[in-house]
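Protein sequence lines correspond, in order, to chains A, B, C and D. At position 152 of the first sequence the residue is numbered 152 (the numbering used here), and the sequence of numbers has no breaks. At position 35 of the second sequence the residue is numbered 35 (the numbering used here), and the sequence of numbers has no breaks. At position 201 of the third sequence the residue is numbered 201 (the numbering used here), and the sequence of numbers has no breaks. At position 339 of the fourth sequence the residue is numbered 339 (the numbering used here), and the sequence of numbers has no breaks.
Source of the hints: derived by calculation from the structure; they are not laboratory data. Warning: the hint list may mix true and false statements.
One copy or any two copies: either way a pair holds, since identical chains are not told apart in the list.
Each computed EDC-like pair below joins lysine to aspartate or glutamate, with the alpha-carbon atoms no more than 16 Å apart [said to hold, decoys possible]:
hint, residue 1, residue 2
1, Lys360, Glu211
2, Lys360, Asp226
3, Lys275, Glu237
4, Lys360, Glu220
5, Lys200, Glu286
6, Lys200, Glu288
7, Lys275, Asp290
8, Lys360, Glu44
9, Lys275, Asp109
10, Lys200, Glu125
11, Lys360, Asp257
12, Lys200, Glu250
13, Lys200, Glu87
14, Lys200, Asp350
15, Lys360, Glu237
16, Lys360, Glu345
17, Lys360, Glu392
18, Lys275, Asp226
19, Lys275, Glu126
20, Lys275, Glu432
21, Lys360, Glu197
22, Lys360, Asp269
23, Lys275, Asp261
Keep in mind the model is a prediction, meaning the values are calculated, not measured.
4 protein chains.
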Amino acid sequence: MPPPPQRHDAPPASSVVPRQGAIKTPVETPSLLRRYVEVRSFSETLCEPLALEDYVVQTMPEVSPTKWHLAHTTWFFETFVLARALEGYEPFHPAYNYLFNSYYEAAGDRHARDRRGVLSRPTVEEVIEYRYHVNRAMAALLSGSAPPGRLAPLVDVIVLGLHHEQQHQELMLTDLKHVLASNPLRPAYRADAGPPEGAKAPPLVWHERAEGLAAVGAGEGGFSFDNERPRHRVFLESFELASRPVTAGEYLEFIRDGGYDRPELWLSDGWAARKRFDWQAPLYWEREGDLVRQMTLGGLRPLCHAEPVCHISYYEADAFARWYGARLPTECEWEAFAERAPAHEGNYVDAGHLHPEPAKRMSSPGPLQLFGDVWEWTASPYAPYPGFRPLEGALGEYNGKFMCNQMVLRGGSCLTPRGHVRASYRNFFPPEARWQMSGLRLAR
Amino acid sequence: MPPPPQRHDAPPASSVVPRQGAIKTPVETPSLLRRYVEVRSFSETLCEPLALEDYVVQTMPEVSPTKWHLAHTTWFFETFVLARALEGYEPFHPAYNYLFNSYYEAAGDRHARDRRGVLSRPTVEEVIEYRYHVNRAMAALLSGSAPPGRLAPLVDVIVLGLHHEQQHQELMLTDLKHVLASNPLRPAYRADAGPPEGAKAPPLVWHERAEGLAAVGAGEGGFSFDNERPRHRVFLESFELASRPVTAGEYLEFIRDGGYDRPELWLSDGWAARKRFDWQAPLYWEREGDLVRQMTLGGLRPLCHAEPVCHISYYEADAFARWYGARLPTECEWEAFAERAPAHEGNYVDAGHLHPEPAKRMSSPGPLQLFGDVWEWTASPYAPYPGFRPLEGALGEYNGKFMCNQMVLRGGSCLTPRGHVRASYRNFFPPEARWQMSGLRLAR
Amino acid sequence: MPPPPQRHDAPPASSVVPRQGAIKTPVETPSLLRRYVEVRSFSETLCEPLALEDYVVQTMPEVSPTKWHLAHTTWFFETFVLARALEGYEPFHPAYNYLFNSYYEAAGDRHARDRRGVLSRPTVEEVIEYRYHVNRAMAALLSGSAPPGRLAPLVDVIVLGLHHEQQHQELMLTDLKHVLASNPLRPAYRADAGPPEGAKAPPLVWHERAEGLAAVGAGEGGFSFDNERPRHRVFLESFELASRPVTAGEYLEFIRDGGYDRPELWLSDGWAARKRFDWQAPLYWEREGDLVRQMTLGGLRPLCHAEPVCHISYYEADAFARWYGARLPTECEWEAFAERAPAHEGNYVDAGHLHPEPAKRMSSPGPLQLFGDVWEWTASPYAPYPGFRPLEGALGEYNGKFMCNQMVLRGGSCLTPRGHVRASYRNFFPPEARWQMSGLRLAR
Amino acid sequence: MPPPPQRHDAPPASSVVPRQGAIKTPVETPSLLRRYVEVRSFSETLCEPLALEDYVVQTMPEVSPTKWHLAHTTWFFETFVLARALEGYEPFHPAYNYLFNSYYEAAGDRHARDRRGVLSRPTVEEVIEYRYHVNRAMAALLSGSAPPGRLAPLVDVIVLGLHHEQQHQELMLTDLKHVLASNPLRPAYRADAGPPEGAKAPPLVWHERAEGLAAVGAGEGGFSFDNERPRHRVFLESFELASRPVTAGEYLEFIRDGGYDRPELWLSDGWAARKRFDWQAPLYWEREGDLVRQMTLGGLRPLCHAEPVCHISYYEADAFARWYGARLPTECEWEAFAERAPAHEGNYVDAGHLHPEPAKRMSSPGPLQLFGDVWEWTASPYAPYPGFRPLEGALGEYNGKFMCNQMVLRGGSCLTPRGHVRASYRNFFPPEARWQMSGLRLAR
């Protein structure tokens, strides 16, 4: 019996996905092209630690395979930009509109969402080729190759496409986390030092706001999604907002006080979900006697009590708040405070922690960690603002048609690309969703 | 072969349920006892047209058998009043708390909601005996037999129990309608003359309200549920409200224009529901070629185009509004108009139509049919008002724990007991519910 | 507050269903009419202890409401006899073919089996009228009113219809048992003295049969179903058959030895069923500490160890046999012994026990209790005999189309009408069925 | 924008899986080692055409990912041979017993069957390493390294393990076929020339066998599974067996005659399955107007009418037979003819067609194509032979525990390894299974 053949190395990431600098931009590139290259190549950077097999699987209907994300974000540019900008543009593959349309009824029939994980083809390599093909066409378009007047009306769609890709970058990581955590081998996405030893969260204090009118929603300048508009007035009664998110240690108290066994703390649908799914703790927590460990993108590690609690459903956030004697803020209350906070600061994906960090005492007078770390469930059902108008055409399906049965989350997370969120940004998920980086902040 | 034995007559209603006057009230009865007798005996009056078998069956999980309603409303008084008011009160039957508790976690374990139709026992007769037993004890309590000081703190609960019974009176009829309509024999609850021939609805016009603060919710005096409180301020942008509900004829136009086949008109969850349940028209509509008939409590009869459309889900109401180029009002917008309308007028259950009626031109300056006829879906998810506090104890489960995944309906219907609704009244159902008397009114 | 009105008496059985003698047969009645009256009225006799509500409910898809059984057996005669025998026969009601056809594809569309319990109409009274209507027509037919030559070809179908009704008589009782046992009130069908105190089962001994050819199946004379034919030869290796069915006490030993927790004793599908349904004991056994009680048609009562175990699935019978170091007999092995046993003796429904009885030591040389008491699961999948020919037309659906995924049971039970079974009789149920009177006998 | 980086080549098959000759056997290798190397390396040979992604996905619960098959067959040798033969043998990975145990309750807990496709790790490369690791240990064991007396008792298990691996070789291909056919891109496993043009099947004629005793089952010499034993006698009535399997063209006639719309042709469970799954034709047939194409391992290609029909359920086979006026043979009838046929001839996997071929007229006096091409559904439920004894210990779960709710198929297919089947070989699948190479032959 001979020695086994040479190891088959998992394809080195560098051959599968170009490093961030791989798509070199020519001198004089217009800034939109530079932005395009930055955003698009970051999707590939995020794939570097993966084995090829990790691109393929789907662990639950809400999770999409990595290769699907890579292809779908590409399809977005092909369908909504290239096909409109370029006379006679031929799609890269005739079946890709069917395979990589997510939910746009106006863009035609599509592959079932919960069957994305049964597709071994196109291969990862073919998806990467698809990305390059579209990237080349986009680069040509953005470099001036388009007929005059063709590009201008599409600039807004291109910018939207880049924000869309950033949303999928966060989803790629939350979906991968679910894939890796579903595996009995508990593989890490990336080795990781873990949280600082002995970290302590600052005490929770309250920030008050007096009653009165507030302006809510995105104003003129700068990018915003249609669901953030129009800016409008709401009347807020006086209230207080907590200085930081609820920590894992505080949440552990809730558990130890029987929080998961006391129906009086829960919404009716929440209690039904808690029983149906047999929830005993946040997703990814694993308890062995008194020890709690949690699965992170850095692998399985002990729970850090000082960090914001994460991976809880709206129902759990709501039950915790009731147990605490407080409540969740509405999204307008949250925004009233966040408007004055610096959205560009915070623990975002580029910080590399890939996990919420304990709050740091700061001299800042306002609430901490409004941005980054964890998305914060609010008490607000996702609904249209007064005077809301969805985008025209198929892109009108981007946000508006989901305005039912979902709750609003605010502030971004440790997996959100820096620069992607703002005070008026409205994220939304069904109340039972737990695989996103969802935590909570209290109000009263 | 001899002639068959004498007909077995279905038990005459008068022996099953006492007529309205059967519980005679003594001279000098305090008004609460008089009210108690009135409300309680009306539940039995509603049963008069039934065959004994009609009391028993459950056609879907949301529908409860009539005898369950009769027992559950009785359990409410036994549990929340008698057991608290009377030292050593013995429940009528030790198993009834288990059988007839609807959803009160604090009141103990209970029979599964979707298994209410498998219980042949207790028999209808036994349930009626249960009602009489509790009625006698309540009558004694309300006539002064209780120890001093025991009654006073329970008066609010008794009043709540009567409003609770009225809610179940409407449910008894909507549930029975489902039972009868599910039967291939299409039996009528009560023979019925049907709508006036050639009725025409007045044209839809718009009533405007200028932007500004509005006060919303129940004020001090008079009964209200906890979910209507506290009264508080909201800022409303200017808007217009339609002068009457959408008619069946207008809804038919929506259908004929392909409304059920155009996903762009629907919310995402709505389109999924429309496909999952294969909705093609409102519940109870039956189409034969161009003819549309609908099942009513008076049996199967031709659709009257002038009457308000009914038995549609929130999703259908929302899709119709989008098709029309309008939207649904928020509950606050609705209430801003309804506050000035006379809630005691309207087509309620006592009118005996048991079906929505075409609007009548009136000299009144405001919108028509805000009260009675059909519950109107609003654009508002059911959520707590700022400062909301549920009742203490088990009764805190009455409303508060349902404040998620449901939409608010306003105004009462042709099956609502007169005097039960008011401008601040908030009904709520999941967005896919269709077996209630649910229609819509437009805003823009 | 006046006294309650007079008790509403549940309709006295005598008005709902005629006593056995109610359908008087004229002098000179041909024997088939006499038999018809006997069998048909026995269905009604079985209903005497019921409350009207008991006729209506359906506790699982396999259970049919009593009133459905009463109507379906009537529909059988109307459809397969009267409609063929009488020129221009008008069905009693145009919708009854739809409502009361069980599974005959050739007889047209039908109401869904698992929705029989949602039908409050026709009422029990109307069903009884339907029975009388058909009875009168059948009596006329059998008394000579039919045109010459019309009756003769239908005699076999009438006889089949009577055996069919007898099958439903057993089902009525097993279905009612499920209805009553599903009710937290645990009502009894009929008060009952219970088993004799201190009963002991005789020891289990083995009866041997030498290898050789055996003739199996129904021969010429006498009624038999198509699935019992043709009589044919099989080769049997030598084997031994147990002298009596397994007792409840023996089964208890199996449980106490961990029988329900040892997958090595179970078939793969059986172990899956045991886990899916969380089986811990036979259906209707209720354990409180060391005490075992069982729900019977006589109400809840202590387990009698000497009686044959009942209400077990094929999977449990098979696992018990493996635990015991034996196996189940094939149906041919069973029949080889039963052919010589007196089928007319045994604990059948007319004995009035309505429950299996402990075996009695007898001087008879062969196995005890082959007939009556409990149906015995065999190791034989239900399959056609060589040369099997189903009946012509719709009645060909009676047996043949079920010859897959079911196991054969033999011997009849304490709920089987006397005279209904014979040595070649093949009953069949899916292997997970437990609500029939199913026990087991060992072979090796 | 630079040119894209170098193509990422899918790992060349040669690095993932050794070619057939890669595991070189030393001079003087005992024949069992030679056989071990042959069989094991053929599993890898079958993987050569795959993309790495193809190893990972699971398209339905019954389908396992290729890498799971590769690991499970390895686990079999590790668990049942190495762990018993070698003192202190350390499993390759502590979690692999959990991940790659298929259904052996006695071997411990295991990963859910329907979740095999959510595992991206271990990677394919790691699974291949696992194979090599076990191969090296097995080679050492078979080369004489084991302590004296340790190998001898395990030789039967090793031989069983090789037959087990051959079974999984067929499953790998049928599962891959399902994976590729589920993909809208319809990729081929291997480019393929397709069937010979103008092929015609010889006419169907009948071969008769007179009534009498037959010996059935495996005799002494040669390998057989426990379920083929013991050899025993059965009595067969006279019957006729068709000279060849039913062809696709004959099956098309059944379809065109309304076979899928006539419930009278179907078993009750079969008709329910036909409606539940909306069967209109065999699996993998795609109809466009009059043209029928079918998905094969060679890709999508026109239907060849002369080839045996394949990918039908038992229910369809049974319905076809009824439509034809014939029936399926029992497994004993089939075996009575097959005992005299040459099992080593036939269209097996090594022929490379990977698809059933039209029958060729031969001078042979007996039925054609009894072996190879398509497995033939028989009328026999899978049940133990008289005197059946499963293997001892965990391996007793190999066959015996599945003897319920499955039907026997005989004869092997075009995907079966040559030398794997024999006249007494009993394959078995649930009656609704269609993804195996299942066809039918008629009897009467």
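Hints, one by one, checked against the model:
| no. | hint | verdict |
| --- | --- | --- |
| 1 | Lys360 to Glu211 | neither (29 Å within a copy, 43 Å between copies) |
| 2 | Lys360 to Asp226 | neither (34 Å within a copy, 41 Å between copies) |
| 3 | Lys275 to Glu237 | neither (35 Å within a copy, 42 Å between copies) |
| 4 | Lys360 to Glu220 | neither (33 Å within a copy, 46 Å between copies) |
| 5 | Lys200 to Glu286 | neither (22 Å within a copy, 54 Å between copies) |
| 6 | Lys200 to Glu288 | neither (23 Å within a copy, 51 Å between copies) |
| 7 | Lys275 to Asp290 | neither (23 Å within a copy, 30 Å between copies) |
| 8 | Lys360 to Glu44 | neither (32 Å within a copy, 55 Å between copies) |
| 9 | Lys275 to Asp109 | between (36 Å within a copy, 14 Å between copies) |
| 10 | Lys200 to Glu125 | neither (46 Å within a copy, 43 Å between copies) |
| 11 | Lys360 to Asp257 | neither (27 Å within a copy, 59 Å between copies) |
| 12 | Lys200 to Glu250 | within (12 Å within a copy, 63 Å between copies) |
| 13 | Lys200 to Glu87 | neither (60 Å within a copy, 51 Å between copies) |
| 14 | Lys200 to Asp350 | neither (23 Å within a copy, 65 Å between copies) |
| 15 | Lys360 to Glu237 | neither (30 Å within a copy, 41 Å between copies) |
| 16 | Lys360 to Glu345 | within (13 Å within a copy, 61 Å between copies) |
| 17 | Lys360 to Glu392 | neither (44 Å within a copy, 39 Å between copies) |
| 18 | Lys275 to Asp226 | neither (37 Å within a copy, 27 Å between copies) |
| 19 | Lys275 to Glu126 | neither (43 Å within a copy, 34 Å between copies) |
| 20 | Lys275 to Glu432 | within (12 Å within a copy, 23 Å between copies) |
| 21 | Lys360 to Glu197 | within (14 Å within a copy, 75 Å between copies) |
| 22 | Lys360 to Asp269 | neither (36 Å within a copy, 41 Å between copies) |
| 23 | Lys275 to Asp261 | within (10 Å within a copy, 25 Å between copies) |
Of the numbered hints stated above, those contradicted by the structure are hints 1, 2, 3, 4, 5, 6, 7, 8, 10, 11, 13, 14, 15, 17, 18, 19 and 22, listed in ascending order.
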